[in-house]
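Which chain is which? The protein sequence lines are A and B, in order.
For the record, in the first sequence the residue sitting at position 207 is 207 according to our numbering, with numbers rising by one throughout.
One gets our numbering by counting positions in the second sequence from 1 and adding 499 to each.
One should not assume that every hint holds.
[Claimed, not checked] Lysine-lysine pairs mimicking DSS-like chemistry, simulated, CA-CA at most 30 Å apart: (1) B:Lys920 / A:Lys335; (2) B:Lys649 / A:Lys84; (3) B:Lys971 / B:Lys998; (4) B:Lys998 / A:Lys32.
[To be verified] One side only, chain B facing chain A, incomplete, derived with CB under 8 Å: (5) Ala591; (6) Gln595; (7) Phe758; (8) Val775; (9) Lys847.
Think of the hints as simulated: they come from the structure by calculation, not from any bench.
What you are looking at is a predicted structure, and each value in this text was computed from that prediction instead of being measured.
Backbone N, C-alpha and C define an ideal beta-carbon position, used for all residues, glycine too.
Protein chains: 2
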Amino acid sequence: MAKTGRRQGGSKARRAAVANAAIRHFPEIKRKIPIMEVTNREGVELIHDFAMRVTEEIGCDFQDEESIECWRQTGAEIDGHRVKIAREELLALIEQIPSSYVHHARNPERTVRVGDGHAVVSPSYGAPFVRDMDGVRRYATLEDLNNLQKLNHMASSVHIAGGTIVEPVDIPVENRHLHMTYSGLKYSDKPIIGNVTARERAEDTIDMMKIVFGDEFATNNTVTTSLINANSPLVWDETMLDALKVYAMHNQAVMVSPFSMAAASTPASNVGTVGVVLAEALMAMAMTQVIRPGAPMLFGVPAMTVALNSGAPVHGSPDSAMVQFLSNAMARFYKVPHRAILNVATSKSGDMQAAYDSMWGLFPSMLSDANWLTMGGGMLEGALTVGYGKTMIDFEQLDAFYHFLQGPDFDDIEEVFEVVKKVGPGRHFLGELHTLNSKLFIFDSQHNNSYEQWDIEGRLDSEAVGVLKAQKWLQKYELPPMDEALDEALLDYIARRSK
Amino acid sequence: MAKTGRRQGGSKARRAAVANAAIRHFPEIKRKIPIMEVTNREGVELIHDFAMRVTEEIGCDFQDEESIECWRQTGAEIDGHRVKIAREELLALIEQIPSSYVHHARNPERTVRVGDGHAVVSPSYGAPFVRDMDGVRRYATLEDLNNLQKLNHMASSVHIAGGTIVEPVDIPVENRHLHMTYSGLKYSDKPIIGNVTARERAEDTIDMMKIVFGDEFATNNTVTTSLINANSPLVWDETMLDALKVYAMHNQAVMVSPFSMAAASTPASNVGTVGVVLAEALMAMAMTQVIRPGAPMLFGVPAMTVALNSGAPVHGSPDSAMVQFLSNAMARFYKVPHRAILNVATSKSGDMQAAYDSMWGLFPSMLSDANWLTMGGGMLEGALTVGYGKTMIDFEQLDAFYHFLQGPDFDDIEEVFEVVKKVGPGRHFLGELHTLNSKLFIFDSQHNNSYEQWDIEGRLDSEAVGVLKAQKWLQKYELPPMDEALDEALLDYIARRSK
Numbered sequence: 001m002a003k004t005g006r007r008q009g010g011s012k013a014r015r016a017a018v019a020n021a022a023i024r025h026f027p028e029i030k031r032k033i034p035i036m037e038v039t040n041r042e043g044v045e046l047i048h049d050f051a052m053r054v055t056e057e058i059g060c061d062f063q064d065e066e067s068i069e070c071w072r073q074t075g076a077e078i079d080g081h082r083v084k085i086a087r088e089e090l091l092a093l094i095e096q097i098p099s100s101y102v103h104h105a106r107n108p109e110r111t112v113r114v115g116d117g118h119a120v121v122s123p124s125y126g127a128p129f130v131r132d133m134d135g136v137r138r139y140a141t142l143e144d145l146n147n148l149q150k151l152n153h154m155a156s157s158v159h160i161a162g163g164t165i166v167e168p169v170d171i172p173v174e175n176r177h178l179h180m181t182y183s184g185l186k187y188s189d190k191p192i193i194g195n196v197t198a199r200e201r202a203e204d205t206i207d208m209m210k211i212v213f214g215d216e217f218a219t220n221n222t223v224t225t226s227l228i229n230a231n232s233p234l235v236w237d238e239t240m241l242d243a244l245k246v247y248a249m250h251n252q253a254v255m256v257s258p259f260s261m262a263a264a265s266t267p268a269s270n271v272g273t274v275g276v277v278l279a280e281a282l283m284a285m286a287m288t289q290v291i292r293p294g295a296p297m298l299f300g301v302p303a304m305t306v307a308l309n310s311g312a313p314v315h316g317s318p319d320s321a322m323v324q325f326l327s328n329a330m331a332r333f334y335k336v337p338h339r340a341i342l343n344v345a346t347s348k349s350g351d352m353q354a355a356y357d358s359m360w361g362l363f364p365s366m367l368s369d370a371n372w373l374t375m376g377g378g379m380l381e382g383a384l385t386v387g388y389g390k391t392m393i394d395f396e397q398l399d400a401f402y403h404f405l406q407g408p409d410f411d412d413i414e415e416v417f418e419v420v421k422k423v424g425p426g427r428h429f430l431g432e433l434h435t436l437n438s439k440l441f442i443f444d445s446q447h448n449n450s451y452e453q454w455d456i457e458g459r460l461d462s463e464a465v466g467v468l469k470a471q472k473w474l475q476k477y478e479l480p481p482m483d484e485a486l487d488e489a490l491l492d493y494i495a496r497r498s499k
Numbered sequence: 500m501a502k503t504g505r506r507q508g509g510s511k512a513r514r515a516a517v518a519n520a521a522i523r524h525f526p527e528i529k530r531k532i533p534i535m536e537v538t539n540r541e542g543v544e545l546i547h548d549f550a551m552r553v554t555e556e557i558g559c560d561f562q563d564e565e566s567i568e569c570w571r572q573t574g575a576e577i578d579g580h581r582v583k584i585a586r587e588e589l590l591a592l593i594e595q596i597p598s599s600y601v602h603h604a605r606n607p608e609r610t611v612r613v614g615d616g617h618a619v620v621s622p623s624y625g626a627p628f629v630r631d632m633d634g635v636r637r638y639a640t641l642e643d644l645n646n647l648q649k650l651n652h653m654a655s656s657v658h659i660a661g662g663t664i665v666e667p668v669d670i671p672v673e674n675r676h677l678h679m680t681y682s683g684l685k686y687s688d689k690p691i692i693g694n695v696t697a698r699e700r701a702e703d704t705i706d707m708m709k710i711v712f713g714d715e716f717a718t719n720n721t722v723t724t725s726l727i728n729a730n731s732p733l734v735w736d737e738t739m740l741d742a743l744k745v746y747a748m749h750n751q752a753v754m755v756s757p758f759s760m761a762a763a764s765t766p767a768s769n770v771g772t773v774g775v776v777l778a779e780a781l782m783a784m785a786m787t788q789v790i791r792p793g794a795p796m797l798f799g800v801p802a803m804t805v806a807l808n809s810g811a812p813v814h815g816s817p818d819s820a821m822v823q824f825l826s827n828a829m830a831r832f833y834k835v836p837h838r839a840i841l842n843v844a845t846s847k848s849g850d851m852q853a854a855y856d857s858m859w860g861l862f863p864s865m866l867s868d869a870n871w872l873t874m875g876g877g878m879l880e881g882a883l884t885v886g887y888g889k890t891m892i893d894f895e896q897l898d899a900f901y902h903f904l905q906g907p908d909f910d911d912i913e914e915v916f917e918v919v920k921k922v923g924p925g926r927h928f929l930g931e932l933h934t935l936n937s938k939l940f941i942f943d944s945q946h947n948n949s950y951e952q953w954d955i956e957g958r959l960d961s962e963a964v965g966v967l968k969a970q971k972w973l974q975k976y977e978l979p980p981m982d983e984a985l986d987e988a989l990l991d992y993i994a995r996r997s998k
């Protein structure tokens with residue numbers, strides 16, 4: 001990354017343009033282009049049959065007694081912690097999951113629908129490190145989390161607040177969930193992602209939501225969506241199951257996302273990976289419907305692969321893209337909302353690889369019909385680090401996809417023809433009123449001027465430009481209004497529950 | 500870009516892996532996934548009608564008398580240089596264009612089909628500058644062109660040689676085409692891109708091809724594909740028309756590609772841009788069928804936009820992606836092969852923006868059904884510069900797309916199920932024979948190991964890794980065999996024709 005401080009003289013105009021960009025909040029994505037498919041109905045049915053044979057013939061381990069008790073209320077075959085279930089019975093439970101749900105925000109204008117053609121974007125998740133504004137990679141702090149909540153709040157195409165955008169490592173782990181939830185509520189008014197690292201932390205999250213929304217509203221409506229992972233292949237551990245059960249019981253949404261890594265925790269096969277992941281996810285999702293029929297659940301896939309030349313997990317590859325597309329087709333087959341990963345780079349810095357890695361997640365997730373798009377921007381190092389600069393550059397990519405998914409615009413076709421006729425051969429359209437009202441997309445951090453201008457302006461790379469933009473945004477950030485009594489009640493809860 | 504020389508100690512393993520990667524030549528892309536669409540039949544017919552109204556009501560300027568003479572053999576309405584033509588007549592000419600053609604290489608193993616579900620990738624085109632191995636941007640030389648021909652020859656997923664990968668600025672312009680054609684023939688045995696900058700230079704190209712293939716073969720078969728641009732809106736100049744006529748007369752393929760920049764040379768509308776560009780391209784393509792019925796022609800679109808905040812042309816945006824998808828749908832409607840641009844970054848260096856810009860071309864071009872994919876890799880600064888490092892990183896992206904377009908693999912589904920059954924819950928697949936035979940894709944320049952390892956290895960960014968890879972490849976490059984007499988005949992021709 002070029003140092004952001006040096007030779008800034010010539011880039012004033014550019015930085016002013018960045019500073020003056022208006023903050024808008026876009027509604028959920030409702031794509032107006034066809035859903036992209038990588039296989040046909042026959043392929044979908046082959047994967048379905050694969051998944052069902054896994055649930056029937058191999059089964060899945062549920063490592064706590066409470067879950068096994070749930071399964072006893074079904075016709076599942078239980079042997080210790082191993083549960084097998086016939087496809088008819090499994091699918092009857094899955095059918096109870098709503099195809100979409102409303103996730104309420106403390107500001108009703110930010111409330112979103114998830115599913116049934118509505119998609120939302122959520123921020124980075126769970127990184128212990130930041131790549132900071134000086135390009136230094138260090139442990140994340142509560143200040144970083146708050147900063148990222150602020151930036152995220154201002155991002156037009158991000159619909160959801162954290163959650164654990166980064167882990168505030170300076171807060172003791174037993175209190176961290178309280179501060180993360182408060183950070184999301186305080187610095188944003190977008191919907192909130194819940195905590196899952198222990199039963200009582202899930203319960204604390206729900207209690208804080210009750211303070212915000214009132215007891216009754218918070219139990220009968222969805223005010224959090226959380227993310228739980230299986231230990232693929234085919235194992236659900238007690239911690240994750242505890243969080244899943246708490247949230248399901250309270251009608252809170254959960255993204256049920258096996259932590260698949262093709263070639264390690266799932267087979268070295270895209271089709272096989274989706275088959276195994278489906279079996280794991282569908283079984284956990286089905287179990288929630290025993291606890292609370294109709295509780296909103298999403299089928300999720302992280303779609304990593306292991307690079308067999310190094311043994312390292314890789315985000316962003318043609319195979320993860322294929323898994324993403326196939327998973328989406330399966331979610332539509334089962335009529336459940338689908339969570340996909342947008343943007344996790346394996347790269348360590350904001351280089352070409354970082355963007356290429358990201359695009360292997362962004363394009364497939366955006367072009368399929370995924371409903372909850374996690375990790376909207378900024379993640380490096382396979383999700384271990386969030387970069388400030390990359391976060392800002394990625395936000396613009398989200399805006400670009402939002403624009404793209406609106407599809408081609410036929411509305412003004414007659415007006416455009418008249419403009420072409422008026423201009424005629426050999427002239428240009430720059431001065432036409434239609435051009436001045438252009439809706440064509442502009443990346444505000446993209447350097448599209450001359451090399452010479454770039455040189456004079458200090459040869460900033462796009463990560464450095466992103467850092468400058470983060471600084472500008474933090475300067476002009478405004479706290480969304482929150483009732484003082486509510487704020488005090490939340491802080492009081494944190495004080496009482498802190499250990 | 501990090502300096503490539505420093506602290507290389509720890510990256511030995513990585514560099515060895517890069518050096519030992521086998522060189523393979525992939526056949527044409529035959530995509531096994533559905534074609535992605537952004538509109539339906541109704542949208543296609545609206546754009547068709549727009550384009551036809553342009554040819555009928557507005558017309559196009561053909562700025563030379565010879566072309567006007569061609570048009571006199573049709574029922575076109577001619578007024579000076581302005582030509583208008585009724586849709587029925589235009590389409591009757593377009594119908595004579597073959598939906599695919601065979602482009603012969605001097606090595607028959609590299610001969611390709613273009614169209615009818617076959618797609619080929621060609622390299623960068625026409626850049627006067629290189630970003631060299633030291634990260635310096637300077638004028639390109641013949642040595643750079645030869646180097647890039649060598650690298651291009653070794654790239655698995657690139658099917659075509661240059662052409663003017665870069666402009667060898669050290670060679671006088673009147674002789675440059677001779678050396679460019681020789682460079683492609685000498686350092687590669689892949690099919691050749693022709694010269695278009697003057698009538699006699701096109702004729703020289705064909706004469707050199709006659710030396711390689713023999714007179715009769717070179718006139719009855721397609722041994723070059725060339726690229727000509729209109730001066731949008733709706734003007735074809737004499738130079739471009741001269742080259743077009745020479746190639747058409749000799750049954751050589753031409754990509755007829757209006758140089759559209761939405762908001763400047765075409766309207767600030769994706770739909771309108773495609774409509775205008777179609778009118779321009781279809782009229783020039785139709786004219787070639789008067790000269791030689793059945794001459795292979797491709798409909799091409801560069802799909803740039805002008806950023807109205809700076810007035811600068813932008814490659815790689817959601818609007819260029821939309822134009823790309825729409826153009827492809829139109830090419831399929833007219834049943835003509837389609838040329839798209841893969842990968843041109845507006846960025847000045849190999850940063851995140853460079854890769855993001857590129858992906859807005861790569862994904863649309865690869866996911867639609869484009870048949871000739873120009874600018875396979877390395878272009879920066881809106882096509883003014885080719886970067887050595889980016890070229891190598893982009894080659895891997897091409898390989899990744901090649902892999903992706905093979906679609907999901909259902910062939911081993913039974914074997915995969917048995918592996919899952921054998922491994923069972925809670926274990927891993929790393930040691931399984933199926934995993935060891937994995938066909939999952941690996942980016943050989945992607946850093947997927949730990950941050951600490953990256954730090955020890957010198958914190959190389961991906962552009963620096965690409966430069967190292969270029970150096971390795973050039974060391975192990977082997978000249979493809981060429982008959983000594985042929986080489987002498989080509990050099991003799993160049994000597995005779997040089998001014």
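Inset, instruction - With chain A as the partner, please determine if Ala591 (chain B) meets the hint condition of a C-beta pair closer than 8 Å. - result: violated, 23 Å
Legend entry - Cut-off 8 Å, beta-carbon criterion: hint that Lys847 (chain B) touches chain A: This interface hint holds because 5 Å falls under the 8 Å limit.
Legend entry - Given hint Phe758 (chain B) near chain A, where the shortest CB pair must fall under 8 Å: violated, 12 Å
Inset, instruction - Given the hint that Lys971 (chain B) pairs with Lys998 (chain B), test it: the Cα-Cα distance must not exceed 30 Å. - result: violated, 37 Å
Legend entry - Given pair status - Lys335 (chain A), Lys920 (chain B), alpha carbons within 30 Å: Roughly 27 Å between the alpha carbons, so the hint for Lys920 (chain B) and Lys335 (chain A) holds.
Legend entry - Interface hint for Gln595 (chain B), Cβ within 8 Å of any Cβ on chain A: Nearest chain A Cβ about 25 Å off; hint violated.
Inset, instruction - Decide if the proposed pair is consistent with the structure: Lys998 (chain B) and Lys32 (chain A), CA atoms, cutoff 30 Å inclusive. - result: Violated - the C-alpha atoms of Lys32 (chain A) and Lys998 (chain B) are around 57 Å apart, more than 30 Å.
Legend entry - Straight-line alpha-carbon gap Lys649 (chain B) to Lys84 (chain A), limit 30 Å: violated, 58 Å
Inset, instruction - With a cut-off of 8 Å on the beta carbons, see whether Val775 (chain B) makes it to chain A. - result: Constraint on Val775 (chain B) satisfied, holds at 6 Å.
Comparing the model with each earlier hint shows violations of hints 2, 3, 4, 5, 6 and 7; every other hint is respected.
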